[in-house]
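With these hints in hand, go ahead and build the complete structure from the sequences.
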Amino acid sequence: MEQDPTIKASIIIRAYNAEATVGRAIESALKQEFPRTNYEIIIVNDGSTDNTRGVIDTYASEPGVRIIHQANIGVIPAANRGLKESRGVYVTLLDSDDEFMPQLLSEMVGVLDAHPAVAFAYCNYHEEIDGVVQDIQIEDVFQFIAVGTTFRRPLFEQEGWFSTMSMFSEHELVLRTWGRWKFIHVPKSLVTYHRQRESLTGDHERVAHELEVLKARHPEHLAEINRIRSFMLP
76 MEQDPTIKAS IIIRAYNAEA TVGRAIESAL KQEFPRTNYE IIIVNDGSTD
126 NTRGVIDTYA SEPGVRIIHQ ANIGVIPAAN RGLKESRGVY VTLLDSDDEF
176 MPQLLSEMVG VLDAHPAVAF AYCNYHEEID GVVQDIQIED VFQFIAVGTT
226 FRRPLFEQEG WFSTMSMFSE HELVLRTWGR WKFIHVPKSL VTYHRQRESL
276 TGDHERVAHE LEVLKARHPE HLAEINRIRS FMLP
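Each residue of the sequence shown is one higher than the one before, starting from 76 at the first, in this note's numbering.
Don't take every hint at face value.
Said to hold, decoys possible - Derived lysine-lysine pairs resembling BS3-like cross-links, with alpha carbons at most 27 Å apart: (1) K106 / K263; (2) K263 / K290; (3) K257 / K159; (4) K106 / K83; (5) K257 / K83; (6) K263 / K83; (7) K83 / K159; (8) K106 / K159.
Claimed, not checked - Computed beta-carbon distance windows for the label pairs: (9) P110 / L297: 42 to 48 Å; (10) T112 / Q209: 34 to 40 Å; (11) L230 / P177: 32 to 38 Å; (12) D205 / N147: 26 to 32 Å; (13) H260 / L105: 38 to 44 Å; (14) Q212 / A298: 19 to 25 Å; (15) N126 / G254: 44 to 50 Å; (16) G149 / H279: 32 to 38 Å; (17) R251 / A283: 20 to 26 Å; (18) K159 / L105: 18 to 24 Å; (19) P294 / I143: 33 to 39 Å; (20) I204 / M240: 19 to 25 Å; (21) L297 / R128: 30 to 36 Å; (22) T133 / L297: 44 to 50 Å.
Since the hints were made in silico from the structure, they are not lab data.
Treat the numbers as computed from the prediction; the structure is a model and nothing was measured.
The C-beta atom is built at its ideal place from N, Cα and C for all residues, glycine as well.
Here is the structure:
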């Protein structure tokens with residue numbers, strides 16, 4: 076999709092069987108403290124079999140909201156579909172069970188506007204597990220999460236978007252662009268990351284397997300891969 080200079084940022088929401096939470100995610104995207112005409116929200120319903128479609132469709136008349144219903148292709152391909160459809164100068168992902176703080180776009184866009192040589196900005200976040208919220212203060216780029224991380228769209232497109240890995244695709248992107256892309260940390264918690272035990276990151280064997288796949292792809296970066304934050308749930 077051709078970039079539109081009037082659209083400063085694009086929020087991509089990917090959803091699969093998320094009827095209970097996707098409305099909360101969309102509401103957090105709509106409540107950004109950022110000019111409403113200067114950002115868009117693209118919602119990708121990735122073949123949900125529950126009432127996710129019905130919830131999403133209630134937002135069809137909202138200005139700047141675009142909805143894509145498609146057959147299920149998986150979490151990363153669904154994210155890439157939304158990214159390819161985006162028109163903003165910057166792009167950021169919001170998963171259907173997470174939330175943005177109202178200041179996210181204004182903070183991230185402001186930082187990237189002020190640092191034109193930077194490819195992406197990442198922030199701290201609140202992590203919620205079983206009702207307990209912890210503030211995660213990131214000290215290393217390999218501790219960041221994809222949600223809320225804001226990319227300069229032309230550079231992201233040149234790299235071919237995310238790889239096909241089902242986990243750690245954001246870290247694979249950092250490894251792939253290591254030494255070429257500059258990045259910046261925004262030391263504010265601008266995302267609430269809701270974690271479920273039945274999610275991918277709750278599957279210890281899957282996490283370990285995906286880390287091994289990442290090491291096989293980037294054997295020259297084993298030291299960096301070992302710095303990735305452990306997402307194992309207790």
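Hints, verified against the model:
| no. | hint | verdict |
| --- | --- | --- |
| 1 | K106 / K263 | holds, 18 Å |
| 2 | K263 / K290 | violated, 30 Å |
| 3 | K257 / K159 | holds, 22 Å |
| 4 | K106 / K83 | holds, 16 Å |
| 5 | K257 / K83 | holds, 20 Å |
| 6 | K263 / K83 | holds, 21 Å |
| 7 | K83 / K159 | holds, 16 Å |
| 8 | K106 / K159 | holds, 24 Å |
| 9 | P110 / L297: 42 to 48 Å | holds, 44 Å |
| 10 | T112 / Q209: 34 to 40 Å | holds, 36 Å |
| 11 | L230 / P177: 32 to 38 Å | violated, 27 Å |
| 12 | D205 / N147: 26 to 32 Å | holds, 28 Å |
| 13 | H260 / L105: 38 to 44 Å | violated, 27 Å |
| 14 | Q212 / A298: 19 to 25 Å | holds, 22 Å |
| 15 | N126 / G254: 44 to 50 Å | holds, 46 Å |
| 16 | G149 / H279: 32 to 38 Å | violated, 21 Å |
| 17 | R251 / A283: 20 to 26 Å | holds, 22 Å |
| 18 | K159 / L105: 18 to 24 Å | holds, 23 Å |
| 19 | P294 / I143: 33 to 39 Å | holds, 37 Å |
| 20 | I204 / M240: 19 to 25 Å | holds, 23 Å |
| 21 | L297 / R128: 30 to 36 Å | violated, 43 Å |
| 22 | T133 / L297: 44 to 50 Å | holds, 47 Å |
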